[in-house]
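Assemble the whole structure, with the sequences as input and the hints as a guide.
The lines below spell out each chain.
Protein chains: 2
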Amino acid sequence: MNLSTRHWWPDLPMRHWARGYGRDTLLRDAVAAVIVTLMLIPQSLAYAQLAGLPPEVGLYASVAPLLAYALLGTSRVLAVGPVAVVSLMTAAAVGEHAAAGSAHYLAVAITLAFLSGLILLAMGLLRLGFLAHFLSHPVIAGFIAASGLLIAASQLKTLLGVSAGGHNLVEMLAALWAQRGHVHGLTLGIGAASLAFLFWVRRGLQPLLRRLGVPPRAAELGAKAGPVAAIMGATLFTWAVDGGAQGVKLVGAVPQGLPPFTLPLWDQALWQSLLVPALLISVVGFVESVSVGQTLAAKRRQRIEPDQELVALGGSNLSAAFTGGFPVTGGFARSVVNFDAGAQTPAAGVYTAVGILLASLLLTPALFHLPQATLAATIVVAVLSLVDVGILRRTWTYSKADFTAVLATLVATLAVGVESGLVAGVGVSLALHLWRTSQPHIAEVGQVPGTEHYRNVLRHQVITHPQVLALRMDESLYFANARALEDRINAAVAQRPALRHVVLQCSAINDIDASALDSLEAIDQRLRDAGLQLHLSEVKGPVMDKLQRSDFLQRLSGRVFLTHHQAAVSLASAGD
Amino acid sequence: MNLSTRHWWPDLPMRHWARGYGRDTLLRDAVAAVIVTLMLIPQSLAYAQLAGLPPEVGLYASVAPLLAYALLGTSRVLAVGPVAVVSLMTAAAVGEHAAAGSAHYLAVAITLAFLSGLILLAMGLLRLGFLAHFLSHPVIAGFIAASGLLIAASQLKTLLGVSAGGHNLVEMLAALWAQRGHVHGLTLGIGAASLAFLFWVRRGLQPLLRRLGVPPRAAELGAKAGPVAAIMGATLFTWAVDGGAQGVKLVGAVPQGLPPFTLPLWDQALWQSLLVPALLISVVGFVESVSVGQTLAAKRRQRIEPDQELVALGGSNLSAAFTGGFPVTGGFARSVVNFDAGAQTPAAGVYTAVGILLASLLLTPALFHLPQATLAATIVVAVLSLVDVGILRRTWTYSKADFTAVLATLVATLAVGVESGLVAGVGVSLALHLWRTSQPHIAEVGQVPGTEHYRNVLRHQVITHPQVLALRMDESLYFANARALEDRINAAVAQRPALRHVVLQCSAINDIDASALDSLEAIDQRLRDAGLQLHLSEVKGPVMDKLQRSDFLQRLSGRVFLTHHQAAVSLASAGD
Chain C
1 MNLSTRHWWP DLPMRHWARG YGRDTLLRDA VAAVIVTLML IPQSLAYAQL
51 AGLPPEVGLY ASVAPLLAYA LLGTSRVLAV GPVAVVSLMT AAAVGEHAAA
101 GSAHYLAVAI TLAFLSGLIL LAMGLLRLGF LAHFLSHPVI AGFIAASGLL
151 IAASQLKTLL GVSAGGHNLV EMLAALWAQR GHVHGLTLGI GAASLAFLFW
201 VRRGLQPLLR RLGVPPRAAE LGAKAGPVAA IMGATLFTWA VDGGAQGVKL
251 VGAVPQGLPP FTLPLWDQAL WQSLLVPALL ISVVGFVESV SVGQTLAAKR
301 RQRIEPDQEL VALGGSNLSA AFTGGFPVTG GFARSVVNFD AGAQTPAAGV
351 YTAVGILLAS LLLTPALFHL PQATLAATIV VAVLSLVDVG ILRRTWTYSK
401 ADFTAVLATL VATLAVGVES GLVAGVGVSL ALHLWRTSQP HIAEVGQVPG
451 TEHYRNVLRH QVITHPQVLA LRMDESLYFA NARALEDRIN AAVAQRPALR
501 HVVLQCSAIN DIDASALDSL EAIDQRLRDA GLQLHLSEVK GPVMDKLQRS
551 DFLQRLSGRV FLTHHQAAVS LASAGD
Chain A
1 MNLSTRHWWP DLPMRHWARG YGRDTLLRDA VAAVIVTLML IPQSLAYAQL
51 AGLPPEVGLY ASVAPLLAYA LLGTSRVLAV GPVAVVSLMT AAAVGEHAAA
101 GSAHYLAVAI TLAFLSGLIL LAMGLLRLGF LAHFLSHPVI AGFIAASGLL
151 IAASQLKTLL GVSAGGHNLV EMLAALWAQR GHVHGLTLGI GAASLAFLFW
201 VRRGLQPLLR RLGVPPRAAE LGAKAGPVAA IMGATLFTWA VDGGAQGVKL
251 VGAVPQGLPP FTLPLWDQAL WQSLLVPALL ISVVGFVESV SVGQTLAAKR
301 RQRIEPDQEL VALGGSNLSA AFTGGFPVTG GFARSVVNFD AGAQTPAAGV
351 YTAVGILLAS LLLTPALFHL PQATLAATIV VAVLSLVDVG ILRRTWTYSK
401 ADFTAVLATL VATLAVGVES GLVAGVGVSL ALHLWRTSQP HIAEVGQVPG
451 TEHYRNVLRH QVITHPQVLA LRMDESLYFA NARALEDRIN AAVAQRPALR
501 HVVLQCSAIN DIDASALDSL EAIDQRLRDA GLQLHLSEVK GPVMDKLQRS
551 DFLQRLSGRV FLTHHQAAVS LASAGD
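In the order they appear, the protein sequences are chains C and A. Under full-length UniProt numbering, the residues of the first sequence are numbered 1 to 576, in order. Under full-length UniProt numbering, the residues of the second sequence are numbered 1 to 576, in order.
Calculated from the structure, these hints are not laboratory results. Remember, it's a predicted structure, so these values are computed and weren't measured experimentally. Be careful, since some hints might not be right.
The list treats identical chains as interchangeable, and a pair is accepted whether it falls inside one copy or across any two copies.
As the list claims (entries may be wrong) - Result set (DSS-like, lysine-lysine): computed pairs, CA atoms no more than 27 Å apart in a straight line: (1) K540 <-> K400; (2) K546 <-> K400; (3) K540 <-> K249; (4) K157 <-> K249; (5) K540 <-> K157; (6) K249 <-> K400; (7) K299 <-> K400.
Right, here's the structure in full:
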């Protein structure tokens, strides 16, 4: 087997594609870059607004991170930049330390990106990518759905033209209700029209383009650029009616120029309090990025290297921190568009970065009259597709434990906030997993007549022997479930005075830890004190190796049998 | 099978032994009670001193709890009262809120017993006894050994006749070092002599008694009463030399009388801050009590009911709180003595309670001249037998993960304190367990020539097919390890262009949670996109039931085979 070679310090993944980069690949990458750029401009502005930051910060965060990822990342098509959930988490974390819109707020966001970058980089170099696996899918699904609802709710104030705050759904809705008398009509009109247009774009634009004779593929991609049309239309309309003078909140003056060079704040107290949010942002960002990266890579039989992805995302966030940006990760929508548009290599990301750079140099004056409500509508339409309420029904049908984990995450996120929701979800899912494995399935087995097979006495007509108790444990023996075996054997021995032998069939036991070994010794000792013997059968090789490193096998009252049938035959005849 | 019947509200276990209680049983119980009483008097005084409480509180805590346990407990021989580790934990918890020796200190200790009683009772009624299983044996062993060292260190100040404090080993030794110039010679002499005598009693008294013609069994039991001789000797000596006047700290005036009626403090802030210590004390007490109870019950083919034990210990602690006592549990040494002395039923506990009651009514004036250093010596000798350093060597040999858990518990307990040590130990052992199961063993399997058996390609000479990848997962599929399977399959598919089929042999998979189901769907989708099929073989019944509640099987690109051999034969021939 040709295992992939591993290095402690990974060589740049770039070398896999940079060599042999030809004109055909360049053309495909460039076409993809144009489409992604058109999609990213409104998204970047909108997610900066969601994070409570000035719009140009969204553009800055879409330049350097794309370059860093192109250099370090292992996915050919992942597009890195601001994404909805991470922007919401940024707003929640930074809002604890600074007022939205202040210079300090931006400085804290930059520091958060820096810390998140350091954490991702460290996790990558220490090969801790597996830690992300402890976010179970129900927790992720519940968290993403709740975040989508929270994000949509957070944009309502902008759509209605009022001021309101809140970190969870209850606070947000209460703040909106308090402002119900101050809804701004024109803003609401622009917001509602933008929403309607964007929802129609998702469903209706592609069929329309095809009816107009546009080839299917071009129609599909053209529809992705629909939000740009919404932005142009809304900007023109607001300019024409002078909406700003009538009180419609505008994006306003956006500085023209290259991303600035920035540094994080060196403030120990701030770092300490940002540590947990930065860790959660890192893990959520990593999980989102790796899921989409793996899905897209597999479609072309490529693969990504999760630990190297951590390094790449770490580099991307550090680069964001040094160029006036905020926390970023690999986005789902933009990566899929990049893939569908035919991007072949991370060079497409480089061209996209150049496109965004041109936009931030040349386009920003044109954004002056863009209403914030239109950006809010862009966000609402994007995130509502994340809200998958079906997960509740599906997990309810499949497994009550998983359903509980989804529900706990959903409720905690909506009722308390993003960070508490995530922590609660991980806690509940770990607790449920431990609880399940601490209640192992232990079957008493007997011989299926005429065979050498031994099956559960409760499910099959089998032969048992009054002096022999044969138990099969369907779980590895470890500290949380070893007592269950003790209890089961104690109960059986107390109930059956005729019992002389207990045989433990170990075919499903993949490991025995020190606690379980102590339990086995205690069981053996108690059985011996009561005049019984303990035997083992079908012990797996690695488990046997481990037992031989202790003195358990020397002290065992009974024997170790290769097959369970040998044990049954030998003990039944000895007992007669 | 005759399963034991279970009730939501358990009937009193007393009925099992009270009916048919005859003169013979009464005699045996009474003899055991006399011996246990002789052992308990010095122990109760000493553990009260260890907990920072007046000596009579130790006697009070040995009366009502014994009665409550006799009524509610399921062990025939467990002796409940103050024990070393719980007394140390009490001192640590109460010391945070009150000065040792003050009336408030006793009131807080009573409140702690009350809270601990409520927690145990609630855990019992909710059948949460399994929670104690999450204290792994390495953690318990490390904690008990470290506590033994801490307790011994805490008694050094009394043996040296100086004042010193501290909650961990470093603080204690530093405080003693600062007092090195103030060692009280006579106290040290009495302490050293008591220590030497008590160590000799453990080893030398029994052989001496036998050489003097005492029958073996009486010699064994007589040796257990050795500490009483130490106490009498030291008291007489101190009285004769008027040690009190020379600065030897004495037990002093102990109130004569029945245990008082007391109530816990109703102080919400105090309850909140005592909640965690009370929980830890409850869990540690329960674990100690159940271990000894199970060991002794099994020797007579009896059994104990862990959830009912929680109720009984809860009642014992509540009764301690109402009679001027402090947290109690089933003690190891006293229960073994009770068992060895021939106790047959919990009535022995009732007689012991009467014995202690008589002592607290009549004997307390005789304790005036008892030096505290002798009680300290009693404690040191008792706890040093708990310090099992061999656990480090044994776990090192057996399993590095278990060794890490012992070491973490030991170091945290000694360096920080009892509560931190316990929490650190549980955290480390859970983390290591999750880490291990998140790195599952996944073997590629092939056919053993001439058989229908499929084994690991790395360990056996087997036949594989270039178009078929057969993997066996040796762990239940759950959120923390599902990605490992995804990664493994992604890697294999990227490396082998000829691959057409992936077969997952599910014989060792006892459960598939919702995350793992999502992973299987993602794997299936990616394989399908790359032109491959995913098949399953040997899926267990309960797992199949669960899969059928989702739409996974309808969407699966491949098939589900009953045996792995059928899969291999069918796919190899289809591929040709």
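Hint-by-hint comparison with the structure:
With identical chains, the CA atoms of K540 and K400 are at most 27 Å apart between copies only, with a shortest distance of 20 Å across copies and 32 Å within one. Taking CA atoms no more than 27 Å apart as the test, K546 paired with K400 passes between copies only; the shortest distance there is 11 Å, against 36 Å inside one copy. With identical chains, the CA atoms of K540 and K249 are never at most 27 Å apart, being 70 Å at best within one copy and 61 Å at best between copies. In this assembly of identical chains, K157 and K249 lie within 27 Å of each other by CA distance solely inside one copy; the values are 11 Å within and 73 Å between copies.
Taking identical chains as interchangeable, the C-alpha atoms of K540 and K157 are never at most 27 Å apart, the minima being 62 Å within one chain and 53 Å between chains. When the C-alpha separation of K249 and K400 is checked against a cutoff of 27 Å, the pair qualifies neither within a copy, at 47 Å, nor between copies, at 62 Å. Taking identical chains as interchangeable, the C-alpha atoms of K299 and K400 are never at most 27 Å apart, the minima being 33 Å within one chain and 41 Å between chains.
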